[in-house]
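2 protein chains.
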Amino acid sequence: MSLIQKSLKRVLKATAMVAAMAFVTTSATADDTVYRLKLAETWGPNFPIFGDATKNMAKMAEEMSNGRLQIRIDSANKHKAPLGVFDMVKSGQYDMGHSASYYWKGKVPNTLYFTSMPFGMLPTEQYAWFYYGGGMELMEKVYSPHNLLSFPGGNTDTQMGGWFQKEIKSVDDLQGLKMRIPGFAGEILAELGAKPTNIAPGELYTSLERRTIDALEWVGPSLDLRMGFHKIAPYYYTGWHEPGTELQFLINKRAWDRLPDDLKAILQVAMKTAAYDMYTQSKHESGKNWASIQSEYPDVQVKDFPPEVISALREANERLLKVHAEKDALAKEIQESQANYIEQVRPWSNISHRAYLNSQAQQ
Amino acid sequence: MSLIQKSLKRVLKATAMVAAMAFVTTSATADDTVYRLKLAETWGPNFPIFGDATKNMAKMAEEMSNGRLQIRIDSANKHKAPLGVFDMVKSGQYDMGHSASYYWKGKVPNTLYFTSMPFGMLPTEQYAWFYYGGGMELMEKVYSPHNLLSFPGGNTDTQMGGWFQKEIKSVDDLQGLKMRIPGFAGEILAELGAKPTNIAPGELYTSLERRTIDALEWVGPSLDLRMGFHKIAPYYYTGWHEPGTELQFLINKRAWDRLPDDLKAILQVAMKTAAYDMYTQSKHESGKNWASIQSEYPDVQVKDFPPEVISALREANERLLKVHAEKDALAKEIQESQANYIEQVRPWSNISHRAYLNSQAQQ
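Keeping their order, the protein sequence lines are chains A and B.
The first sequence begins at 1 in our numbering and counts up by one.
The second sequence begins at 1 in our numbering and counts up by one.
Read the hints as simulated data drawn from the structure, not as lab findings.
Be careful, since some hints might not be right.
A pair counts as met if it fits within one copy or between any two copies, since identical chains are not told apart.
[To be verified] Only pairs whose alpha carbons sit at most 27 Å apart, straight line, appear in this in silico BS3-like list of lysine-lysine:
no.: 1; residue 1: K253; residue 2: K59
no.: 2; residue 1: K90; residue 2: K141
no.: 3; residue 1: K332; residue 2: K288
no.: 4; residue 1: K90; residue 2: K107
no.: 5; residue 1: K55; residue 2: K264
no.: 6; residue 1: K78; residue 2: K303
no.: 7; residue 1: K288; residue 2: K141
no.: 8; residue 1: K264; residue 2: K59
no.: 9; residue 1: K303; residue 2: K141
no.: 10; residue 1: K288; residue 2: K195
no.: 11; residue 1: K169; residue 2: K231
no.: 12; residue 1: K303; residue 2: K322
no.: 13; residue 1: K264; residue 2: K38
Just chain A, same shape as in the assembly:
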């Protein structure tokens, strides 16, 4: 090999090295890798508000990451397991989930506390508990043994007490009352002699119309309007059992750990914002839909449960909670944290929002 040939070879080698170094620099500083996460949601495709929250989250993540974080959303029609989200994310079959924490209480009893509790917090009171009052840390204690991260996933606003065919004037009127009301609230009503039942959403309208059931609860005007219950039930009761229902984003911890720090930050902020946005949207949709119900069905009567009924429900709630707390130290810790937080924040809610709304309603 001549000297000239050697020089040429060195130059060519240098060329390749410079080019390689340049690309290494690119990938080390900016990390152009596209991360793809799969999310399973409990809801069907295009489910209003709940489904908007996952789409909003995925869109923010994609735009903020310049396409480096892609989240594919599978609705229940695709994965066929609306109440299998916890297991599918835990096992890694999905990286993320969008659901509600209290759906998992049969599996992990302490997941009950992170959606909304009877006689519990209003939406922003609860956000304050999550982010400033120790709620996130307690939620982590419950979820981390399952290799899961859990974050607030969007608020429905205060849920209504439900649609009733008959007026509830006393605790006696709850005796034998057939009501679609699932979960912990159903257990409370059962304590007072009601007969809570669970019925598939598609059969609710007919069941209420034909008096197979006497009452049902769904969400609030935001989602009740399209179910049509206002056409067939005269009484709409105000809420007690879910004052601030918060949905949930779940993440598999291994999928989370694989993300670079900037995408972790993007994902966390996208989830937080989508959750807050869903509360804002729920407020808007409930306002709009309640106005529409009132104008088209002016005979619908809004009723508060009598104080005697509320007291009885509250006592039953406390009895049931006590059973949980006696069996489980972490349940006790969470219950106490929530009770103490309400004791701290509620007097403020009373001299601010309650005073203002009462004063304005008098005018």
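Dock chain B against chain A, hints included.
Same frame as chain A, now just chain B:
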């Protein structure tokens, strides 16, 4: 030049081109450029809650952008112009601002409507108006002629009516009342015979203690506690004049246009989240501080203004608003949008939060 020399030269040229191309590729796909924005805030350094919102926003932007978006925050001690933020951002002296829209009403009257209006919306009602009820579009109409973008910047929660030395039992008690209450609310009180004054924050405590003034309003327990007014005034009145005070992020439009799309998305989401977070933090701090005032100063009495006084304030408010609407078509459009939105959302707030808080307070 020999053939060999020519070959070498071509190879060296190719080397340079490959290297250059590699770097061009880096900057085109990932854009490692660091964008530095300067933000002027109306508040002093380390001002609680308000100042936390700007720090929170800048931190999220930095983390999500992997350091590509750096926001330097200058507090009022640095730029010396707390009420010059609008002009400094408009001129491009600063890229961003954090302040409150109603501070600019002397300059641009229609900026009045985007903070909180007397007898107006609660915080989440107002977020719903901004994001789903046309509020953002109206705010853009007001700010875009000034080359500015404006976004919600954090909520203080419902402001209290203020600290009073004397009880207000009738409209007559407002005659000659010397009260520190700036802005539009002060104009309303003046209509009813009160003497609104403005006093520097550092002199408020002494003025109220020595009865140079009879009353003052500040914010709510979140920020009132450290001012110490509860030590020297017996009555704390509930709110009417700022039910949901929202601060503001301002951006110079040229500075905004220079950002690549992903950093625009990051900045917009960081501002939105910091605003929502500030509302959550305000709820927490007011709850905590009100609990502390109640336990240390149990003699502080919370009072509602009598319905007769509220009616008179409301009528004065409507008279003053009408004057604005008659002079300015956009003022009329904004006023109508807000009034219609309250008419739509408030019945929902009443059957949800009001019903719930009243029912819980009876127990």
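Hints, one by one, checked against the model:
Proximity of K253 and K59 under a CA criterion of 27 Å is satisfied in both settings, with 22 Å inside one chain copy and 24 Å between copies. Within a single copy, K90 and K141 get their C-alpha atoms as close as 15 Å, which meets the 27 Å cut-off; across copies the closest is 48 Å, which misses it. Taking identical chains as interchangeable, the C-alpha atoms of K332 and K288 lie at most 27 Å apart only when they sit on different chains, with a minimum of 22 Å there against 40 Å within one chain. When the C-alpha separation of K90 and K107 is checked against a cutoff of 27 Å, the pair qualifies only within one copy, where the shortest distance is 12 Å, while the shortest distance between copies is 57 Å.
For a Cα distance limit of 27 Å, the shortest separation of K55 from K264 qualifies both inside one copy, at 18 Å, and across copies, at 19 Å. In this homomeric assembly, K78 and K303 never come within 27 Å of each other (Cα to Cα): the closest approach is 40 Å inside a single copy and 56 Å across copies. Taking the shortest alpha-carbon separations for K288 and K141, only the inter-copy value of 24 Å comes in at or below 27 Å, while the best intra-copy value is 39 Å. Taking the shortest Cα distances, K264 and K59 sit within 27 Å of each other both inside one copy (15 Å) and across copies (14 Å).
Taking identical chains as interchangeable, the C-alpha atoms of K303 and K141 are never at most 27 Å apart, the minima being 39 Å within one chain and 42 Å between chains. For the homomeric pair K288 and K195, neither the shortest alpha-carbon distance inside one copy (33 Å) nor that between copies (41 Å) is at most 27 Å. For the identical chains of this complex, K169 and K231 are intra-copy neighbours only, at 22 Å inside a copy versus 46 Å across copies, given an alpha-carbon limit of 27 Å. When the C-alpha separation of K303 and K322 is checked against a cutoff of 27 Å, the pair qualifies neither within a copy, at 30 Å, nor between copies, at 37 Å.
Taking identical chains as interchangeable, the C-alpha atoms of K264 and K38 lie at most 27 Å apart whether they share a chain (15 Å) or sit on different chains (26 Å).
Checked against the numbered hints given earlier, the structure breaks hints 6, 9, 10 and 12 and satisfies all the rest.
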